[in-house]
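Sequences are here, hints too, so could you generate the full structure?
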Amino acid sequence: MKGQHFSEDFQKSVVSKYLNRGHRTTESIAQDTGVSLASIYGWTKKYGNVQGMTNKPGRKPKDRNAQEKFQLVMKYFSLPDEERGKFLRENGLHSDHLEMWKKTMESGFSEKYKTPELAEEKKKNKILEREIRRKDKALAEAAALLILQKKANLLWGTDEDE
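Numbering of the sequence shown is given in numbering that gives the first Met the number 0, commencing with residue 0 and proceeding in unit increments.
Any given hint might turn out to be false.
Claimed, not checked - Restraint-style ranges between C-beta atoms, simulated for each label pair:
1. E26 to R83: 17 to 25 Å
2. A143 to S94: 20 to 28 Å
3. D62 to E26: 25 to 33 Å
4. D62 to E7: 31 to 39 Å
5. D62 to S12: 31 to 39 Å
6. Q70 to S106: 16 to 24 Å
7. L18 to D80: 16 to 24 Å
8. R129 to L18: 19 to 27 Å
9. A142 to D95: 45 to 53 Å
10. S94 to R132: 40 to 48 Å
11. E130 to S77: 45 to 53 Å
12. D62 to K85: 15 to 23 Å
To be verified - The calculated lysine to aspartate or glutamate pairs, modelled on EDC-like cross-linking and capped at a C-alpha distance of 16 Å, are:
13. K45 to E7
14. K16 to E26
15. K85 to D95
16. K68 to E26
17. K61 to D95
18. K68 to E89
19. K61 to E26
20. K16 to D31
21. K74 to E89
22. K68 to D31
23. K101 to E67
24. K16 to E89
25. K59 to D95
Simulated from the structure, these hints should not be mistaken for lab results.
Yeah, the Cβ is synthetic: ideal placement off N, Cα and C, and Gly gets one too.
As structure tokens, then:
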């Protein structure tokens with residue numbers, strides 16, 4: 000098939016099959032149509048947004064707000080397994096995004112009850128860090144004074160000599 004040229008209509012029909020493939024793999028579409036995977040991906044870039052054919056909404060997963068994420072997670076996990084792939088493609092998501100969002104939401108619910116303890120621990124931590132910084136400064140000052148004293152003794156001699 001090397002060097003074979005396909006008509007624009009054929010290319011668009013392959014892209015349409017690819018974007019509306021449901022549970023089928025890209026490899027199976029490539030075998031059925033006799034086209035390489037690279038051609039399918041290239042044509043999708045070329046024709047994917049033409050005539051309403053698209054598999055990517057304009058928004059990235061990281062750009063969604065908490066309410067949208069919550070709604071997407073609720074909808075996704077309420078769907079039967081067969082429809083989840085289509086849902087992910089329609090919304091430009093990956094199952095990992097939804098799993099991560101779900102875990103974040105679940106941990107957020109459990110963190111609500113730990114907040115007073117966490118706040119107290121953070122306060123203690125802040126006090127201890129402040130004390131460490133203060134002691135580090137005092138230690139650095141003492142070390143500097145010792146070094147200066149040694150240099151002074153080397154230059155002018157020690158008090159014991161007199």
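Failing hints, ascending? 2, 8, 16, 19, 22
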